[in-house]
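J.: I would like the entire structure built from these sequences, with the hints used as guidance.
Number of protein chains: 2
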Amino acid sequence: MRRLEKKGNGGRAQAVHRALKRAILDQALGPGVKLPEDSIGEGLGVSRTLVREALVRLSEEGLVELRPNRGAAVATPSLEEGQDLFSTRFALERLVTETLSGRLTTAQQMQLKEHIAAEEAARSGDSSASIRLAGEFHTLLASMTGNATLARFVNELVSRSSLILALYGRPHSSECAVSEHHEILGALVAGDQKRAANLMIHHLESITTRAVLPRDRHADIRDALSSYAASEGLG
Amino acid sequence: MRRLEKKGNGGRAQAVHRALKRAILDQALGPGVKLPEDSIGEGLGVSRTLVREALVRLSEEGLVELRPNRGAAVATPSLEEGQDLFSTRFALERLVTETLSGRLTTAQQMQLKEHIAAEEAARSGDSSASIRLAGEFHTLLASMTGNATLARFVNELVSRSSLILALYGRPHSSECAVSEHHEILGALVAGDQKRAANLMIHHLESITTRAVLPRDRHADIRDALSSYAASEGLG
DNA sequence: CCCACCCAAATTGCATACAACATTGCTCAT
DNA sequence: ATGAGCAATGTTGTATGCAATTTGGGTGGG
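Chains V and C, in that order, are what the protein sequence lines are.
Residues 1 to 235, numbered by the UniProt record's numbering, are exactly what the first sequence covers, in order.
Residues 1 to 235, numbered by the UniProt record's numbering, are exactly what the second sequence covers, in order.
The reader is advised that the hints may include incorrect statements.
Just so you know, same-sequence chains aren't split out, so a pair can sit in one copy or run between any two.
To be verified - Calculated cross-link-like contacts (lysine to any residue; reagent style SDA-like; alpha-carbon spacing at most 25 Å): (1) 34 x 53; (2) 34 x 148; (3) 113 x 126; (4) 34 x 182; (5) 113 x 226; (6) 21 x 68; (7) 21 x 152; (8) 21 x 136; (9) 21 x 59; (10) 34 x 180; (11) 194 x 83; (12) 21 x 80; (13) 21 x 60; (14) 113 x 202; (15) 194 x 135; (16) 34 x 13; (17) 21 x 65; (18) 194 x 14; (19) 21 x 127.
Don't read these hints as lab results, they were simulated from the structure.
T.: Set out below in structure tokens:
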């Protein structure tokens, strides 16, 4: 007999990782915010051991900077790093569109349509949801290739792009992209490989050119984490 | 005043990571070999905590498979994963050649020439050194782009390619590639972007098509690790 | 003879304790 | 007043101990 739900999902360390990741992507923990192990552990109801493991994972993903003996902090990528990041995205997401062009199942097309609809719905509402959905479109596309490595890389790059935009982007930069997502989907369904790739490149370029001015943020870590703790079944 | 050598290099956890990674890439620890935390800790002279951290890093790199409650093992990628991996390599290493074409400094050209010379020198000698050098050529090229993310991705893919070749490649498959490396360098120096990219693609394709038959390996973990412990200043 | 069950050994999951290091603020001499 | 040195504090680095889970083997019933 098979156990139905063993323990939440796959270990509490993973849960901590997801909670922190979401907190960063939602900009509840902005770039540069320090991440002391015991404060996080307290806020999430776990020990430093698990926090540490999560931080290692996050640093491996480039979302967290891990300075020896000096603690962890949300990464603060430079503008130059952002440039490199996006040129890498170009190469990878072009591969995504080339792979997917004309090969989307109807189920996948449906899912993408629904996702875009959700993006539109979120445009006037919660801005953090809007940002997250915009990124998830790219992640979703990448995962549909069936190439797990490619999907993981794109996911990492999209995540880090959020940091770049948080640092250097204008407040509502991600909203206008929804129509471009729709166009890309159209080209993919039509099987027009070249057009899909070009639209994707153009789309990414238009994101990069929106990067100009910085902001600043601060927050108490325990407060910012409390809601994420609940959503991962921690605390 | 600058501290000359703080502590070996950058923390013992990193040392464990490097030791295990090299052991895997040298095929001292072949695909599928189990990696119990305390055996490794004993072999390397550190506690399970550090081993655990290293294993998390390695699993994040795709070199180690981490099954919950069931321990870690050197990854055993499927042939299909290998295919995905190489198509991702195509996209990324094409970007490398495009970025580098006509932009190599003379110092970099020298370094690459020396590396190729080392590859040739190792052809008749140690086969594990030969394999490692062949991979490091690609990593070195990627690092010269100055794009840290790109370099890290290529490094990961090259590492995992070693696993693929260990599982499905013929024994001496990597030796014949040295001349191709030389040709690629020539095209890069000449600034012929298209030719460089084509040579790289062709080179990678010729590697993939050498993948056919499997082997099997076994070893006591502690013995296999002892030499790597010394080289990292552990034990 | 085979299968289900259960117990023992080994291994991972996680927390906690202690040691090492970095940082901050204070003291004291100049 | 000012800067060097030092003590106090907070944080990270690492080891170890205990609980929880898996695994393999043995035992008894069918």
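J.: All hints are to be evaluated individually against the structure, with a verdict given for each.
T.: Outcome of the hint check:
1. 34 x 53: both (16 Å within a copy, 21 Å between copies)
2. 34 x 148: Close across copies (23 Å), not inside one copy (32 Å); limit 25 Å.
3. 113 x 126: Close inside one copy (20 Å), not across copies (55 Å); limit 25 Å.
4. 34 x 182: The answer is neither: 38 Å in one copy and 47 Å across copies each exceed 25 Å.
5. 113 x 226: Classified as neither; 33 Å inside a copy, 56 Å across copies.
6. 21 x 68: both (21 Å within a copy, 21 Å between copies)
7. 21 x 152: Answer is both; intra-copy 14 Å and inter-copy 20 Å each pass.
8. 21 x 136: within (13 Å within a copy, 32 Å between copies)
9. 21 x 59: both (11 Å within a copy, 18 Å between copies)
10. 34 x 180: neither (36 Å within a copy, 47 Å between copies)
11. 194 x 83: Both: 24 Å inside a copy, 23 Å across copies.
12. 21 x 80: Answer is within; shortest intra-copy Cα gap is 23 Å, inter-copy 30 Å.
13. 21 x 60: Both: 12 Å inside a chain and 15 Å across chains, each within 25 Å.
14. 113 x 202: This pair counts as within: shortest intra-copy Cα distance 20 Å, inter-copy 38 Å.
15. 194 x 135: within (22 Å within a copy, 32 Å between copies)
16. 34 x 13: Answer is both; intra-copy 20 Å and inter-copy 22 Å each pass.
17. 21 x 65: both (13 Å within a copy, 22 Å between copies)
18. 194 x 14: neither (39 Å within a copy, 43 Å between copies)
19. 21 x 127: within (17 Å within a copy, 42 Å between copies)
Hint compliance for this structure: hints 4, 5, 10 and 18 are broken, all remaining hints hold.
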